[in-house]
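Asks: So you can see what is in the structure, the chains are spelled out below.
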Amino acid sequence: MSRIYLGELEELILLMVALLNKEAYGVSIAEELRKNASRDISISAIHAVLHRLEEKGFVKSKMGGASAERGGRRKRLFSITAHGRHALEELRDTRDLIWGLITKTQAT
Amino acid sequence: MKKNATPPGWIDSLIDRLAPDEFAEEIRGDLYELFCSDLDQKGISAARRRYVFNGLGFLAKSFFWKRQPRHHTNPFTMLSSYFKMARRSLMAYKGNTVINVLGLVVGIASALVIATVIRYELSFDSFHSDADRIYRMVRCSLPELAANKRSNCRTGISYPVPDAVKAETTGLVEIVSMQYFEDVFVEVPDKSGNIVSRFREERGCVMVEPSFFKIFDFKGTGFRWIAGNPDKALEEPLSVVLTRSLAEKYFPGGNAMGMILKMEREADCKVTGIIEDLPPNTDLPFTVLVSYATLRMGRGDRMNNDWGGVNDEHHTYVKLAPGITPREMEKRIARVHQSHTPKDLYEGRHYLLQPLRDLHFDTRFNNYNGRTISRETILAITLVGLFLLLTAAINYINLATAQSVMRAKEIGLRKVMGSTRKTLVLQLFTETFVVVLIAGVIALVIAELMLINFQSLLNVTLRGFNFTDPFTLLSLLAIVLVVTLFAGIYPSMVMSGFNPVVAMKNRFATEKIGGFSLRKVLVVAQFTITQMLVVGTFLVVAQMRYFQNADMGFDKEAVVTMPLPGKADPHKFQVMEDQLRSQAFVADVAFSSTLPSGVRRNRSATDVGREDATTSKDYVVYEYQSIDPSYIDLYKIRLLAGRGIGLQDSAGENVLINKKLAQRLRLGTPEEAVGEVLKASWGKQFTVVGVIDDFYSNSMKEGADNMLLVTDPGKFDYVSVKLAIGEGQGSMQEAVKQMEKIWTAAYPEHIFSYEFFDENIRAFYVQEEKYAQLFQLFSLIFLLIGCLGLYGLITFVVNRKGKEVALRKVLGATVSNILLMFSREYVQLIVLSFLIAVPVAYYAVNSWLSNFANHITLQWWLFAVPGLLVLTIALLVVISKSMRTANANPVDKLKYE
Numbered sequence: 001m002s003r004i005y006l007g008e009l010e011e012l013i014l015l016m017v018a019l020l021n022k023e024a025y026g027v028s029i030a031e032e033l034r035k036n037a038s039r040d041i042s043i044s045a046i047h048a049v050l051h052r053l054e055e056k057g058f059v060k061s062k063m064g065g066a067s068a069e070r071g072g073r074r075k076r077l078f079s080i081t082a083h084g085r086h087a088l089e090e091l092r093d094t095r096d097l098i099w100g101l102i103t104k105t106q107a108t
Numbered sequence: 001m002k003k004n005a006t007p008p009g010w011i012d013s014l015i016d017r018l019a020p021d022e023f024a025e026e027i028r029g030d031l032y033e034l035f036c037s038d039l040d041q042k043g044i045s046a047a048r049r050r051y052v053f054n055g056l057g058f059l060a061k062s063f064f065w066k067r068q069p070r071h072h073t074n075p076f077t078m079l080s081s082y083f084k085m086a087r088r089s090l091m092a093y094k095g096n097t098v099i100n101v102l103g104l105v106v107g108i109a110s111a112l113v114i115a116t117v118i119r120y121e122l123s124f125d126s127f128h129s130d131a132d133r134i135y136r137m138v139r140c141s142l143p144e145l146a147a148n149k150r151s152n153c154r155t156g157i158s159y160p161v162p163d164a165v166k167a168e169t170t171g172l173v174e175i176v177s178m179q180y181f182e183d184v185f186v187e188v189p190d191k192s193g194n195i196v197s198r199f200r201e202e203r204g205c206v207m208v209e210p211s212f213f214k215i216f217d218f219k220g221t222g223f224r225w226i227a228g229n230p231d232k233a234l235e236e237p238l239s240v241v242l243t244r245s246l247a248e249k250y251f252p253g254g255n256a257m258g259m260i261l262k263m264e265r266e267a268d269c270k271v272t273g274i275i276e277d278l279p280p281n282t283d284l285p286f287t288v289l290v291s292y293a294t295l296r297m298g299r300g301d302r303m304n305n306d307w308g309g310v311n312d313e314h315h316t317y318v319k320l321a322p323g324i325t326p327r328e329m330e331k332r333i334a335r336v337h338q339s340h341t342p343k344d345l346y347e348g349r350h351y352l353l354q355p356l357r358d359l360h361f362d363t364r365f366n367n368y369n370g371r372t373i374s375r376e377t378i379l380a381i382t383l384v385g386l387f388l389l390l391t392a393a394i395n396y397i398n399l400a401t402a403q404s405v406m407r408a409k410e411i412g413l414r415k416v417m418g419s420t421r422k423t424l425v426l427q428l429f430t431e432t433f434v435v436v437l438i439a440g441v442i443a444l445v446i447a448e449l450m451l452i453n454f455q456s457l458l459n460v461t462l463r464g465f466n467f468t469d470p471f472t473l474l475s476l477l478a479i480v481l482v483v484t485l486f487a488g489i490y491p492s493m494v495m496s497g498f499n500p501v502v503a504m505k506n507r508f509a510t511e512k513i514g515g516f517s518l519r520k521v522l523v524v525a526q527f528t529i530t531q532m533l534v535v536g537t538f539l540v541v542a543q544m545r546y547f548q549n550a551d552m553g554f555d556k557e558a559v560v561t562m563p564l565p566g567k568a569d570p571h572k573f574q575v576m577e578d579q580l581r582s583q584a585f586v587a588d589v590a591f592s593s594t595l596p597s598g599v600r601r602n603r604s605a606t607d608v609g610r611e612d613a614t615t616s617k618d619y620v621v622y623e624y625q626s627i628d629p630s631y632i633d634l635y636k637i638r639l640l641a642g643r644g645i646g647l648q649d650s651a652g653e654n655v656l657i658n659k660k661l662a663q664r665l666r667l668g669t670p671e672e673a674v675g676e677v678l679k680a681s682w683g684k685q686f687t688v689v690g691v692i693d694d695f696y697s698n699s700m701k702e703g704a705d706n707m708l709l710v711t712d713p714g715k716f717d718y719v720s721v722k723l724a725i726g727e728g729q730g731s732m733q734e735a736v737k738q739m740e741k742i743w744t745a746a747y748p749e750h751i752f753s754y755e756f757f758d759e760n761i762r763a764f765y766v767q768e769e770k771y772a773q774l775f776q777l778f779s780l781i782f783l784l785i786g787c788l789g790l791y792g793l794i795t796f797v798v799n800r801k802g803k804e805v806a807l808r809k810v811l812g813a814t815v816s817n818i819l820l821m822f823s824r825e826y827v828q829l830i831v832l833s834f835l836i837a838v839p840v841a842y843y844a845v846n847s848w849l850s851n852f853a854n855h856i857t858l859q860w861w862l863f864a865v866p867g868l869l870v871l872t873i874a875l876l877v878v879i880s881k882s883m884r885t886a887n888a889n890p891v892d893k894l895k896y897e
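Here the protein sequences line up with chains A and B, keeping their order.
Its first residue numbered 1, the first sequence is counted upward by one per residue in full-length UniProt numbering.
Its first residue numbered 1, the second sequence is counted upward by one per residue in full-length UniProt numbering.
No wet-lab data here; the hints were simulated from the structure.
As the structure is a prediction and not an experimental result, all values here were calculated from the model.
Among the hints, a few may not be true.
Here are the computed distance ranges between Cβ atoms for each label pair [to be verified]:
| # | chain 1 | residue 1 | chain 2 | residue 2 | range |
| --- | --- | --- | --- | --- | --- |
| 1 | A | 23 | B | 20 | 21 to 31 Å |
| 2 | A | 86 | B | 20 | 24 to 34 Å |
| 3 | B | 20 | A | 41 | 16 to 26 Å |
| 4 | B | 382 | A | 62 | 53 to 63 Å |
| 5 | B | 13 | A | 41 | 21 to 31 Å |
| 6 | B | 518 | A | 41 | 45 to 55 Å |
| 7 | B | 473 | A | 79 | 56 to 66 Å |
| 8 | A | 23 | B | 87 | 48 to 58 Å |
| 9 | A | 79 | B | 80 | 37 to 47 Å |
| 10 | A | 86 | B | 17 | 31 to 41 Å |
| 11 | B | 13 | A | 62 | 22 to 32 Å |
| 12 | B | 13 | A | 86 | 34 to 44 Å |
Computed list of chain B residues with no C-beta within reach of chain A, every gap over 10 Å [as the list claims (entries may be wrong)]:
| # | residue |
| --- | --- |
| 13 | 217 |
| 14 | 344 |
| 15 | 565 |
| 16 | 602 |
| 17 | 747 |
| 18 | 756 |
| 19 | 766 |
| 20 | 767 |
| 21 | 797 |
Positions of the beta carbon are idealized from the N, C-alpha and C atoms, including for glycine.
Using the sequences provided together with the hints, build the complete structure.
Replies: Set out below in structure tokens:
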């Protein structure tokens, strides 16, 4: 995949997966988003995005252990793949580059 | 957390049902987690609201609906495993398997037989090209066919009509007239004219126009001309076309073409063609086809002039040109009829067109086969077949759900080991399929045997086996698939839905299984159908008994009747009578023009009025019989007043009349009627010398007729011999042989035939007798299937409740208590089904009985007896099975605890 395309929400959630590192799943991501990004995003939307990210190969998932607070159900834990990390880095680099250009032109 | 703080369940089940398997768990987990935190922060109602909102949110997402290509188990690779498992579990529960297979075999075999019979009936004359455009001309006295009386609907067409219709109308492609003959005497002469063999053709002889084969081509039935010119063979008078088997019968080993046959001792006919045998499923069952020109020759001028006279064996078929409606053609025929006949004839007689397709199914009109079957009857038989399949399937469902409790552990373990619901369903369906398939194969063999042995009962003539018949195989396949689906769906759903943990713990109690109430419903349904049939059968058989045993007004026992051929010859009669009377086994001998009753006898009717009769309305139609002095005694016909008639009355003016005719002519009491003078419409006067009691000259299905008896030896056609019953009379065969000797001495050139009078009477009820037999057969089958099912159910219940029974006994229950416990429920179910069945049976039987002038009255015990019978049989099944458990020593059951 030469061309990386990530939507805004996709990028945000991918960042959260990276942040939460192996503890990322639907509810925890939703909480982080509310706490750190002040975004209140519905759980179904988060699932949809995670699903899409997994399809694109940015994250991988495995079923975690059951816990009582979930009524004995297991959660699907997501972790970022190398490809995902690479994509984030590339996006960040692109932004940094452009921001650098912006500051340069504003400075002059 | 509060106890009722649970998320809305419907969202959960919605997600479970719709979500991809791999997501359902995590989605519900996340939803639940959110719900819990919402509960803490915002309270129960908000939490529930948000739960619904969040849950529904998933439905709007596309990933939720996307199904990943499954990389795991391809169902087809599992197939061999399914079959292996099916075999093992069927072997593990042998008893159940046998009961299941047996029930299904009986059901499927009957359904196959019924399918074959229905197909056979529906196939009648459907094979002719353009069958939709072929019609039979029929005759009605009322134009509205709705006037549904048989006497209004006749088949005979006056001889001049077809020719006139052909000549004076357009719109016909072909028209063919034919006249059918029964009991035709055929002699085969050798080259020098000596008769070498004699035959009597009871049926199959017809005089027919050559155009017959243009209308009826018997396409696809293997019909063909073996010899002769199809266009020319039936042109000339005195030519005859034979079917292959008749040609072989008359000229064994030789060539029939060009040979001579002597018909009815007068007409020498030349064989001009040989055709392949016509198929059995035609109502034109001809074997000897004589040219119609022979009939024209014999009737001469009357052929063209007699527009009024009709013979009901003279039929006319037409093939309409495309685009002509039958109604239009009927109008054209009516115009032809009107132009040739006087007003009272054309107003009182209407020629209509009956589609060939209805020939076999319209019971108002007769056909040459003498057998029609109404579409309602076909529907009823179809329903019986479907019901049979249904009860067999119900059996399977009942047993399988009952058995499922025993298999709960197996199912639980399968689930633990990773079976999905789908694979379990497939597994269970495979089992059902195997059972049904085994049953289907056995059923095919049994159906074949049944068809071969019951051909006459089922009115079916089969050509060879139909194991390989594609229709049979296809219907078997269809039946197997439908029964598999129907019988398999419920048990497999119930079983695959087990919660593995509960199942493994074996916490199922018998009653808790979901199928229990359904099972009750099914048992009731099954026994309702059974009871309907059993009650119906009982009533039909009772009616048949009534027919056979009712007093018809004469004595029918131990009478042998023989027809007298040729011209009546009083001298011959006297010789024969003396010879017969000299035999030890003969009690009485009577000569007569016909017999008192019976299917096979002469019937002649004319009309008579009082002495002062003037208009045609004053005359009454009666049946005419010519008898000799011993007739009244021999048949024990009751003389109410006056005297019998003897040979001194042979001038014919002294007559006996029956009570009904006396009443009809308002002659007062029998005593008053004696001595009255009557007048025939042609002027002859009679004096009543005696009045006899009414007797049924027709079947008991109809009422008694008006009757007038005279003595006219010139009209005698039958001799009746009353056999002396008692010790030392020799065997029946001996008696018949002696009578044959005497008869043949009188008529050396004829073929001897005789009949027992009571058999002739019984022949009235052939069709009803067949229905009764079929009913008995079917109710037996239903009862058998029902009891098999009960047996399976009770076996299961008894096995499950062994411990309970032991405990009860320890605590003081008696054997009868235990038996009562087991049978109470089934008694309730069967009584309930009886209550449902009785009104249906009552309605059906009542409408059937209303066809008959004389029938039994429906009394309560006629329903109660068969109901009790079914209940008793069912109880016997239940008790015989539960007896062993009830009698078992409780120690044996309990010591393992």
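Asks: Decide, holds or violated, for the assertion that all CB atoms of chain A are farther than 10 Å from the CB of residue 766/B.
Replies: holds (74 Å)
Asks: Should the hint that residue 79/A and residue 80/B are 37 to 47 Å apart at their CB atoms be regarded as holding?
Replies: Because 40 Å falls inside the window, the suggested range holds.
Asks: With 53 to 63 Å as the target window, see if residue 382/B and residue 62/A comply at their CB atoms.
Replies: The hint (53 to 63 Å, Cβ to Cβ) holds, given that residue 382/B and residue 62/A are roughly 59 Å apart.
Asks: Taking 10 Å as the cut and beta carbons as the points, is residue 344/B off the interface with chain A?
Replies: Holds, because the least Cβ-Cβ distance between residue 344/B and chain A comes to about 90 Å, which exceeds 10 Å.
Asks: Could you say whether the range 24 to 34 Å given as a hint is met by the Cβ separation of residue 86/A and residue 20/B?
Replies: Because 29 Å falls inside the window, the suggested range holds.
Asks: Compute the least Cβ-Cβ separation between residue 217/B and chain A, then decide whether it is above 10 Å.
Replies: holds (68 Å)
Asks: Is the distance from the Cβ of residue 13/B to the Cβ of residue 41/A consistent with 21 to 31 Å?
Replies: holds (26 Å)
Asks: Using the Cβ atoms, figure out if residue 518/B sits within 45 to 55 Å of residue 41/A.
Replies: Between residue 518/B and residue 41/A, where Cβ atoms are some 47 Å apart, the hint holds.
Asks: Minimum Cβ separation between residue 602/B and chain A greater than 10 Å?
Replies: The assertion about residue 602/B holds, with a minimum of 93 Å to chain A.
Asks: Does the Cβ pair residue 86/A, residue 17/B satisfy 31 to 41 Å?
Replies: For residue 86/A and residue 17/B the Cβ distance comes to about 39 Å; the hint holds.
Asks: Should the label of residue 767/B as a non-interface residue stand, given a Cβ cut-off of 10 Å to chain A?
Replies: holds (71 Å)
Asks: Return holds or violated for the Cβ distance of residue 23/A and residue 87/B against the range 48 to 58 Å.
Replies: Check passed, 50 Å falls within 48 to 58 Å.
Checked against the numbered hints given earlier, this structure breaks none of them.
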